[in-house]
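**Q** So the chains spell out like this:
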Amino acid sequence: METITNSTVNGRRRERFYGWAAVIILWTTAFSMACYSDIAKHSEHNAAGSTIGRLLSKASIGLSQACYERADLYFHKGVPHSSKKALADSFYHILNEEINPSSHAHRHGRSLAEIMPWLKLVTSLDPGNIEARLNAVFLLMKMKEFDVAEKVLMDARRTNPKDHRVLLYLGRIYVKREKISEAGQILETALRFCHDEACAGCDHCKDTLIDKRAILLYLAAIDEAEGNLSQAVERLEAIIEIFPGSHEIETTIKALKKRPDGESSGILLEALKSHEEAESQTFSSCTVPDCEH
Amino acid sequence: MKIRRIITIAKTVWLEALRRKDVYVLLILLGIMIVAVMSLDIFGLGGVVGYVKDVGLLAAWFFGMVVAITISTRQLPDEEKANTIFPLLAKPVTRAELLTGKWAGATVSATIAMLACYLLLAVLVKLKGGAFEGFTFLQCYLLHAWAIGVICAIGILFSTRLNKDAAATLSYVTAGAAFLLIPQIPRIVVNAQCVQRSGLLVLYYIMPHLELFDMRRRMVHDWGPASWSSLLYVMIYGLVLIGLLLVLSWLAYRRKVLSRADLF
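Those protein sequences? They're chains H and L, same order as listed.
First residue of the first sequence: 3, per our numbering; consecutive thereafter.
First residue of the second sequence: 97, per our numbering; consecutive thereafter.
The set of hints was computed from the structure by calculation and includes no laboratory data.
Note that the structure is a prediction, hence the values are computed from the model and not measured.
Watch out, some of these pointers could steer you wrong.
Said to hold, decoys possible - Here are the computed distance ranges between Cβ atoms for each label pair: (1) G143/L / S276/H: 27 to 37 Å; (2) T53/H / I128/L: 30 to 40 Å; (3) E71/H / G339/L: 19 to 29 Å; (4) D118/L / G64/H: 31 to 41 Å; (5) S325/L / S104/H: 11 to 21 Å; (6) G247/H / G230/L: 54 to 64 Å.
To be verified - In silico DSSO-like pairs for lysine-lysine, Cα to Cα no more than 27 Å straight-line: (7) K275/H / K144/H; (8) K153/H / K224/L; (9) K79/H / K224/L; (10) K224/L / K144/H; (11) K178/H / K153/H; (12) K146/H / K107/L; (13) K117/L / K177/L; (14) K187/L / K107/L; (15) K86/H / K144/H; (16) K98/L / K177/L; (17) K177/L / K187/L; (18) K146/H / K224/L; (19) K178/H / K208/H; (20) K222/L / K79/H; (21) K208/H / K275/H; (22) K256/H / K275/H; (23) K146/H / K275/H; (24) K79/H / K164/H.
In this text, a Cβ means the ideal position worked out from N, Cα and C, and glycines have one as well.
Construct all of the structure, not just a fragment, from the sequences and the given hints.
**A** Rendered as C-alpha cells:
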C-alpha cells in the first residue's frame, strides 16, 4: 500500500495549484485577447496608429490580394495566366501538360459560385476593397442570386456609404426585382455622389463618367416608366453632354419629345434590362487572343 | 535481395509508425483545419466545395510530406543511435535489403496515413454537399502515393550519411525546391544569362519533378481524369527516380563504418 506522507500531500496540492493557475492564466489570456480583438475591430484609430496595427493591416491587405488572385485563378479553372516560358519541348513540360491542363478556360453558370469563398475572404480581410465586393455582386447577379447580391451591397454601403458604384449596383438590383421607386431613390443618391469634375482623361475618371452615364440612363428609364418624360429627356440630354454624338440617345430623345408628358411605356427600362442581360452573357466570352472559347 | 526480409524490416517500420502518435496528430490537425475552412459563410450560398477540396488537398500534400520525411529520415539514425543496427546487420540482412525495407516501410506507412487524410476529406466534402469524381480521386491519390515514395527515398538517401535532424532539414529543402522552385525554371530561364541559364538547366534536368505527381488542379476545378497513358508515364518516371535514389543511398551506405565508439 502506498504510504501517504506530508511530501506526497504537498506534491498533490502543488499539482492542483499549478493546474488551476494554468487554467486561470489561459482564461485571462483568452479573455484579454478577445477584448483586444474586439477593441481593435472597432477602433480604426488604434489600427492606424500603432506599429502592430499597421503591420497587421498591411499583412491582411497582402493576404487579401493573394485571395483576390486566387479568385481570378478559380475563374480560369485553376490555370494561371500564361507567361513566356522556355523548355516547352522538354519531357517534363509535355508530361506536366498532360497531367495538369493548361488551356485557357472560364467558369460558367452555377460553377461561378466556386469563386465566392475567395472574394468573401478578400472582403473580410480588406473591408475597404469595393472592387472585390462589386465583382462578387456581378457574379451573384449572373447566378440570379439577387437577394445575396443585395445583402453584399448593403454591407458594402455600410463601410462605403458615399461610393456611387455600390449605389449604382443596388439600383440595378432593385430594377431587376421591379422595385422601381426604391431604384429611383438609390440612383438619385448615386448621382449625387458621382463626382466627375476632376476628370482629366485618366482611367478612373473615365470609369466614373461611364458610371454616371449608366446612372442617368437608368434614371431616364425609370422616369419614362413613371410617365415623367420631360425629366427623362433632361437626363438623356445630360448624357449627350458627357458623351456627345451618341446616335441612339439622340433618337430616343426625339422619340420621347414627340410623346405627350405623362405617357409611360416602360420600353426604355425593358431595353436596359435586355442590354444588361446581353452584357452579362458577353462577360463569359474571352478577351484573351488564344482563348479556345 | 530477399523480399521476405525486406517485408520483415518494413513491418517493423509500420509497427513503429503505429506506436508513435504523430500520424494521428496530423490527421486531427487536418480535420480541424478543414472543419474550420468549412465553417466559412460564403454570402449564405450553399454547395460550394471547391475551396474545401483545395485547402484540404493542400494540407494533405503538406502533411504527407511531413509524415514521409519524419518517418523516413529517422529510420537509420535511430537504429544506429540505439545500437540496434548491429544485431540487425549481424543477421543475414544485406545493407541493400535494410535500405529497401526501411524505404518500403516508410512509404507504405505515409501512404496509408494519406489514405486516411483523403477519406476524411472525401467525407467532409460529402457533408458539405459536394463530391469527388471517382476516377480523378483515385488517380490523384495514386500519384500522391508515388510522390511520397520519392520523398521517402530522398529522406533515406540523406539519412545514410547525416543525423536525423540534418537529414530531415535537407529533405524538406530538396522536396520543397522540387515542388515549388523547379517547375518555375522554364519561366526564369527566359531572362537568364549564359552561366545562370546553364546552371538552371542542369537543376531542371537533375532534380526530381514532384509537380508531375500533383493532380490537385484536376480534382479541385473538375477537369476530369487524366489519360491512363500519361499516368503510366509519370509512374514509370517515379519508379526510375525511386530506383536511382535508392541506388545512391546504397552507394552511400554500403561502406559506411558503423562503430559503437563513434556513438559515445
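**Q** It remains to establish, for every hint, whether it holds in the given structure.
**A** Now for the hints, and whether the structure bears them out:
A hinted range of 27 to 37 Å for the beta carbons of G143/L and S276/H is consistent with their spacing of about 30 Å. Between T53/H and I128/L the C-beta distance comes to about 32 Å, which sits within the given range of 30 to 40 Å. Here the CB-CB span from E71/H to G339/L is close to 39 Å, at odds with the stated 19 to 29 Å. Taken as a hint, the range 31 to 41 Å holds for the pair D118/L and G64/H, whose Cβ atoms sit roughly 32 Å apart.
Taking 11 to 21 Å as the suggested C-beta distance range, the pair S325/L and S104/H conforms, at roughly 18 Å. The hint said 54 to 64 Å for the Cβ distance between G247/H and G230/L, and at roughly 59 Å that hint holds. The hinted pair formed by K275/H and K144/H meets the criterion: a straight-line CA distance of about 13 Å does not exceed 27 Å. Note on K153/H and K224/L: the hinted pairing holds, with a Cα-Cα distance of about 23 Å set against a maximum of 27 Å.
For the hint linking K79/H to K224/L, the alpha-carbon distance of about 21 Å falls within 27 Å, and the restraint holds. Between K224/L and K144/H the alpha-carbon distance is near 23 Å, which keeps this suggested pair within the 27 Å criterion. Restraint check for K178/H and K153/H: satisfied, since their Cα atoms lie roughly 15 Å apart, inside the 27 Å limit. With a C-alpha separation of about 57 Å, the suggested pairing of K146/H with K107/L is violated against the 27 Å cut-off.
With a C-alpha separation of about 21 Å, the suggested pair K117/L and K177/L falls inside the 27 Å cut-off, and the hint holds. Annotation: proposed proximity of K187/L to K107/L holds, straight-line Cα distance about 17 Å (limit 27 Å). At most 27 Å may separate the alpha-carbon atoms for a hinted pair to count; K86/H and K144/H exceed this at roughly 33 Å. Taking the CA atoms of K98/L and K177/L, the gap is near 26 Å; set against the 27 Å cutoff, the hint holds.
This hinted pair checks out: K177/L and K187/L have alpha carbons roughly 18 Å apart, not beyond 27 Å. With a C-alpha separation of about 22 Å, the suggested pairing of K146/H with K224/L holds against the 27 Å cut-off. A C-alpha spacing of about 26 Å is found between K178/H and K208/H, which places the hinted pair at or below 27 Å, so the restraint holds. With a C-alpha separation of about 21 Å, the suggested pair K222/L and K79/H falls inside the 27 Å cut-off, and the hint holds.
Distance check on the hinted pair: K208/H and K275/H sit about 23 Å apart at the alpha-carbon level, within 27 Å; holds. Between K256/H and K275/H the CA atoms are separated by roughly 21 Å; this keeps the pair inside 27 Å, and the hint holds. For the hint pairing K146/H with K275/H, the CA-to-CA distance comes to about 13 Å; that is within 27 Å, so the pair holds. About 35 Å separates the Cα atoms of K79/H and K164/H, which puts this hinted pair outside 27 Å; it is violated.
Violated hints, listed in ascending order, are 3, 12, 15, 24; each of the other numbered hints is respected by the structure.
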